[in-house]
Amino acid sequence: RGAQEDGVQRHAFVFKNTGNPYGEKQMEGFADGIREQGFEPILRAPDVPTAEAQIQIIEQLITQRVASISITGNDFDALEPVLTRARNQGIRVLSADSAVNPASRMTHINQADSEMIGRTLIQAAYDMAGGSGDIAILSATSQASNQNLWIEWMRTELADHPAKYRDLNLVRVAYGDDLRDKSVSETEGLLQSFPNLKVIIAPTTVGIAAAGRVVTDRGLIGQIYVTGLGLPSEMAEYISNGACPYMFLWNPIDVGYLTAFAATSAVDGRISGAAGESFSAGRLGSFEIVAAGDGGTEVLLGAPFRFDPDNIDEWKNVY
Amino acid sequence: MSEAIANSDDTPGSILELRRITKIFPGVKALDDVHFDLRQGEIHGLMGENGAGKSTFIKIITGVHAPDTGEIVIDGRKVEFKSPIEAQRLGVAAIYQHVTCYPDLSVAENIFMGHEKVTGLTRRVDWKAMHGEAQKLLDRLDANFSSRERMGALSVARQQIVEIAKALSTNARIVIMDEPTAALTQHESNELYRITEQLCDAGVSVIFISHRLEDIRRLAQRVTVFRDGRHIGCWPVQEITQDKLVVAMVGREISTMFPKRRIDIGEEVLRVANLTRIGYFRDVSFTLRQGEILALTGLVGAGRTEVCETLYGIARWDSGSVLVEGREVTIEDPLHALRLGIGCLPEDRQRQGLVLPWEIGKNITLPSLRAFSRLYWMDEDRENQAAGELARKLNVKASSIFTRVLALSGGNQQKVVVAKILSRHLKIIILDEPTKGVDVGAKAAIYDIIGDLAEQGYGIILISSEMPEVLGLSDRIVVMKEGRVTAQLETANATQEQILKASMVVDATEAAAEVAAETTADGSGSGE
Amino acid sequence: MADARTPEIRIQAVRNWSWKTFFFQWEWLLVVVLLLVVAVNTYLSPFFLALSTFIHTPATFLDKAFIVFPMMMVIILGKIDISVGSTVALSAVMMAVAYNAGLPMPAAIVLCLLVGVLAGAFNGVLIARFKELSFVIVTISTMMIYRGIAYIILGDQASGRFPGWFSLFGWGTVMGVPFMLVAFVVCAVIFGLLLHKTSFGRAIYGMGHNAIACRYSGVNTDRILMTVFTLNGLMAAVTAIFLTSRMGSTRPNVALGYELEVIAMVVLGGVSTNGGIGRIGGPILAVFIVGFLGYGMGLANLQAPIVLVVIGLLLIVSVLALRVRFTIRRKKPVV
Amino acid sequence: MAGRKVTFTENLRELGLFIFIIALGFAIQMRNPAFLRVSNIVSLLTNTSILGILAVGMMLVLLTRGIDLSIGSTIAFSGMVTALTVARYPGMPALLAVAQGAAIGVVIGMVIGVLVARFDVLPIIATLGMMNIVRGLTYVVSGGRWVSAYQMPDSFKALATGRTLGINNLIVVAIVVYLVATYFMNHTRTGRRIYAVGSNPDAAEVSGIPKRRLVFLVYTIMGGLAGLSGVLWVARFASAQGDTAVGYELQVIAACILGGVSILGGVGKISGLLLGTILFGILANALPLIDVSPFWQMGIQGVTVLVAVMTNAMVIRNTERSALRRRATM
Ligand SMILES: Nc1ncnc2c1ncn2[C@@H]1O[C@H](COP(=O)(O)OP(=O)(O)OP(=O)(O)O)[C@@H](O)[C@H]1O
Ligand SMILES: Nc1ncnc2c1ncn2[C@@H]1O[C@H](COP(=O)(O)OP(=O)(O)OP(=O)(O)O)[C@@H](O)[C@H]1O
Ligand SMILES: [Mg+2]
Ligand SMILES: [Mg+2]
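Chains as they are written, first to last, in this note's numbering: chain A, 1 to 319; chain B, 320 to 847; chain C, 848 to 1182; chain D, 1183 to 1512.
Isolated chain A, as found in the complex (with noise of 0.2 angstroms):
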């Protein structure tokens, strides 16, 4: 199954829209995973971001009978019919990095734990304003999943230690829709709003560039601090002169790696998606099949990998 008339199984991946280079990344990684393997990688990932075109995307995968599907998916429910309908044909369906919903896919490959990112990304915010004044979150859109879940996590680190946090404020989250003008003008009135205003998180790869831009530009290093998630070589630069003292990312290469081999597992029928099950992923070692939040089940990559001024000069040109 899942092969041309040569004989050889397809596996295909696909992103969320093209020309990002996490996406690229993920691509990558998931290619070299399934080439590792001895099988034909297909890439996919449409021009805008949306549902719908992925939708596009998957019908077309269907038609040409691939043995696996992984998708980065653009919206948590909203593709649940159409994978079923994969399912139905018995392609495996996966998911990886922003995950589906559970009854559309046997297990998700997660970059890393949400709840550790959300934990993290504060207790980070912490150190940056030395312990009080006024933070803030700069987020991708109102609708990112990914992001809507981290941000929940954060909120519950603070509720969780209110002595610990009794003077840090969350004071706004604010929405830059993953747009370089809108991320800027956003992070602008924030610092406009709030005089207070210490450090900037922003779990997004455009967010945060834009946010270290803009303290960068206004001179305003050492005195407003940016972190989150981003890009090493997106945010080299403003690691590097101190407007961003460290941020956090998994390697998405890794994650399509994963993936890959998650996938032809589930092909072969060595996992069936279910929690305690186990694969072996190349060169990343065994990894187990664990309980996710959301009622599915889950694969974890790892911890988040921490990006400071020492390591971020061997990273910048990785990805």
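Calculated from the structure, these hints are not laboratory results.
Any given hint could turn out to be false.
What the hints assert, rightly or not - Ranges of calculated distance between the beta carbons of each label pair, as one might list FRET restraints:
1. D/Ala1340 / A/Gly293: 45 to 51 angstroms
2. D/Val1323 / A/Pro162: 49 to 55 angstroms
3. D/Val1323 / B/Ile343: 48 to 54 angstroms
4. D/Pro1275 / B/His434: 40 to 46 angstroms
5. B/His434 / D/Leu1446: 23 to 29 angstroms
6. C/Val972 / B/Ile597: 22 to 28 angstroms
7. B/Glu699 / D/Val1323: 52 to 58 angstroms
8. B/Val398 / D/Val1323: 52 to 58 angstroms
9. B/Glu699 / C/Leu1160: 36 to 42 angstroms
Cβ atoms here follow ideal geometry from the backbone N, Cα and C, with glycine treated the same way.
Place chains B, C and D with the ligands on chain A using the hints.
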């Protein structure tokens, strides 16, 4: 007739000559082997029926169209124009039949577009010089508006004056005027005659196209007639009688332009009392009865069109009242007016009257789509039949009702607009300059139609600036000036002088008093 | 005196039909392009040439095609409606929220249509009543307003959990043919007749060429304008139903950018943005050209940027072909 | 006589918009006193300057009855190519990079110009097609990558952050563009002829105005300004992405129309354009300042735009009516 080729060839002083010109449009031979010559300082009239090929001929001289065969000779040298600019450089300027202006720009810019005045060194537009020059030209034409005015805000007649100023501004040696008087009143036409003669005295040669015999009689030294794209003849104006000219143009005799019919005037169908639209007209009152032809006349800009458009629901009146068959009405929009039985032939047939890219038939049935459809579903067979009948009745010249109106000559276009009105059952018909730009033959036909309509019991309001038309057709005359009625006269005892006086006097109330003193009958009261 | 060469022409009321004018039509070019697309796709992917491709895949691109019909009317009128994508989002969100608030699903669907109608009518009223406002600015601002309302209602949430039968709109079949395709054909017939066979359609074409003359001729231009924009809203709501059914849930940012895709298809179909010109067949062919092109290139796993470039080229090249045809046929008159 | 009056009312076209902007500014100031602070005004102007530059080009296009939907893509493409170039050759002078970006835009504009002016392709189709093509090419040249801040030399980034005479460079560029455009449109023959072409293309042809050449010129200028904006955009955000400025064209067109430019051609003034752009700048800048839920932002923006144009329409209606009344009493 066609052998009557008079003055031909190299008469000394001939500055423009066209030989054996043929121009074929898809399906139409617009010009067929015509020739023409123009002498230094001459005013040369060019006449012919609608669609005879006059405008096409002009466009060949100005380089807009290239002839299929034939040659153009200027100053004894053969020339070939690749674009209108080349013709301009050789001193040819034209005032086109359909005003070609830039409605969003100022009058001065309209005049100088294409040959703007620039400052010497920086080559920037010299606004001051342009406005100064433009104002001078306008003053020379006795125009009472500013060169800074926006072109689009001017009436058609004033735009025409700007067009003339534009032609003057190029210092052309050959000026071609394609029906310049079509939109002008008698008074304004006189001004135009004066200007044209001035030009000739300065050595400029003029080709003057007109459907008005008096224009040619008054101005031209020679007259050339085209018919169906062919050259019929060229005569010195003194040597040809009016009747012969008409025969040359139409190919048959037209017995009487204004056949006097005796029509019984019936009930009052329309009463307008103290109608006012602020800024446009004020206290306009008149009545109209079945079978009556009421002429509305006055100078351009007197507000006649505005009054009629208000009656037709294009605009709302601010105060006053309108009674249709004794019932007071409000008129929301043209549809409403049509339902009340009021129809209108608008002033600007290309913009307001026709869907130019459409076929003749579709245009004719546009006002009565309802009648040809059941529950919105069109009955095209019935529609085509009806359209065909109307087109035949008005003698529209085209091969079929599926010809696009775009390709028709002005007069035939006008007939299509008339056919549109006839497609509905109405009581009152407003005709705003129905014979503007229409040839003698078609004019006679339209007069005939107007007579027929009156006979059938329609009440007709005829806006016209042509004195013979007003006096020859109407039963009663209302004269307007600057938005007020200055006189109401019975045609039977009205004179041209009376009308002119009422339309030009300085003070309207004074004029009303003056005219009232002279006339015996009071127009508005005579109905009861 | 009477010239033998000018007999009194009796104007005819019968149309001359000729093969030449019949084949000199834009639609034939589109047919050729469509066949070309099929040929290229067959070459690119072994999966393309199958009956199922022609019967089942249209469902993947037909959702927005429902707006093509009323948008065609809007463009024939010489206007453009940029707010349709937002109207889709707003009516979808209203439907989902109403259903989840306890309204029975059929009622929610009616509400969806109603919202579309209201949104379209609001555009229409503004454009008809405020003549000095450009339709572009009106529909750009309602584009923001409608989607803005959707955001206000649903915020960052998605809403769905529709009853099972609702998915039949997008996924169901009638005798093996997808319901969406059937619905599309029905709409095509209805709109085709509306446009070409009724007085309403006639008036739309007339207004596209010369709205002033139509008003002088007693056409109720305001009402036609409002009706057409309302139809546009209605069909946007129909799209919302199919789209939501296919996605099983909805959120405020669905159907982003649909307006330009729809306009592109209408324009490719030979409808002139100058107004007055275009026949129903063109946009229908354009829907399938663009749809199959995207689908076939997807089957061949070509990357999105390539697909973008090809669709752009298609748009320009096919219109260039039209231009060349025109320059052969006639020289443009001046004045 | 009446002439003076008419031109007077026509100069008031943008009065309503002006009043509206003042009122809006006042209302925002009440909510957040930071609004009229100098630093905020500067950031507002900085962020609006690119929109303003593009609006000038779009006005020219709209004046000729055209439209350009491709500028978002042109910005992305020129920005991307320029960013790739400076990343490869960090020693390249910044002004050369600007020239390169503008040149790329000019070439794209010329292609559109040829399609529209020479082959009579409807502008909406030509630019819709180019929008897709150029966007696709942007992804192709970048290979899906972004160019990041650390890859760009400081001199390049300083294009957007540096100052000239104490004013941010972006604002300076925008001011220069406006001054040049004002002179060009009001005092050169070419500028006036662009108005003429849009006002009546057929008449333009008869009076010997090189219509096609002007249409070509207009798209070329638009392309050049979009290319320039692409470089400024990339320098300003210190990052080049494939999806830069997606959908930006609609904002630019909206700003133009808000500023009184007619898509029917021939009508539009630089002064109105300025007001339209500033209103959009305020909308983008002020909503983050006053504490509204992000979910309300888009709706508020839409309503503001609609109310702004309606206010303007009302003011025009009223001035015209009172002008009529005055005329009637004369
Ligand atoms: N661009 C064109 N394409 C096709 N036919 C045309 C075109 N221009 C003119 N014609 C046709 O050529 C013939 C001559 O038209 P022309 O406009 O020269 O007449 P005219 O003598 O000026 O009439 P009028 O007195 O009504 O202005 C008409 O039959 C007209 O339909
Ligand atoms: N005093 C005035 N000042 C400026 N414009 C005026 C004035 N009076 C009338 N107009 C305008 O001049 C134009 C001519 O008016 P209108 O068409 O009603 O006159 P008319 O008698 O029908 O003349 P025409 O013979 O041109 O049809 C109208 O557009 C009107 O708005
Ligand atoms: Mg003529
Ligand atoms: Mg009039």
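For each hint, the structure was consulted:
Checked against the given bound of 45 to 51 angstroms, the beta carbons of D/Ala1340 and A/Gly293, roughly 46 angstroms apart, stay inside it. For D/Val1323 paired with A/Pro162, a C-beta distance near 52 angstroms keeps the hint of 49 to 55 angstroms intact. Judged by the Cβ atoms, the range 48 to 54 angstroms given for D/Val1323 and B/Ile343 holds: they are separated by roughly 53 angstroms. Distance hint for D/Pro1275 and B/His434: a CB-CB separation of about 44 angstroms, consistent with the stated range 40 to 46 angstroms.
The hinted window of 23 to 29 angstroms between B/His434 and D/Leu1446 holds, with their beta carbons roughly 26 angstroms apart. For the hinted restraint 22 to 28 angstroms between C/Val972 and B/Ile597, the CB-CB distance of approximately 27 angstroms keeps it satisfied. A hinted range of 52 to 58 angstroms for the beta carbons of B/Glu699 and D/Val1323 is consistent with their spacing of about 55 angstroms. Separation of B/Val398 from D/Val1323 is about 53 angstroms and conforms to the stated range, judged on CB atoms against 52 to 58 angstroms.
For B/Glu699 and C/Leu1160, the Cβ-Cβ distance of about 40 angstroms falls inside the hinted range of 36 to 42 angstroms, so the restraint holds.
Violated hints: none; the structure is consistent with every hint.
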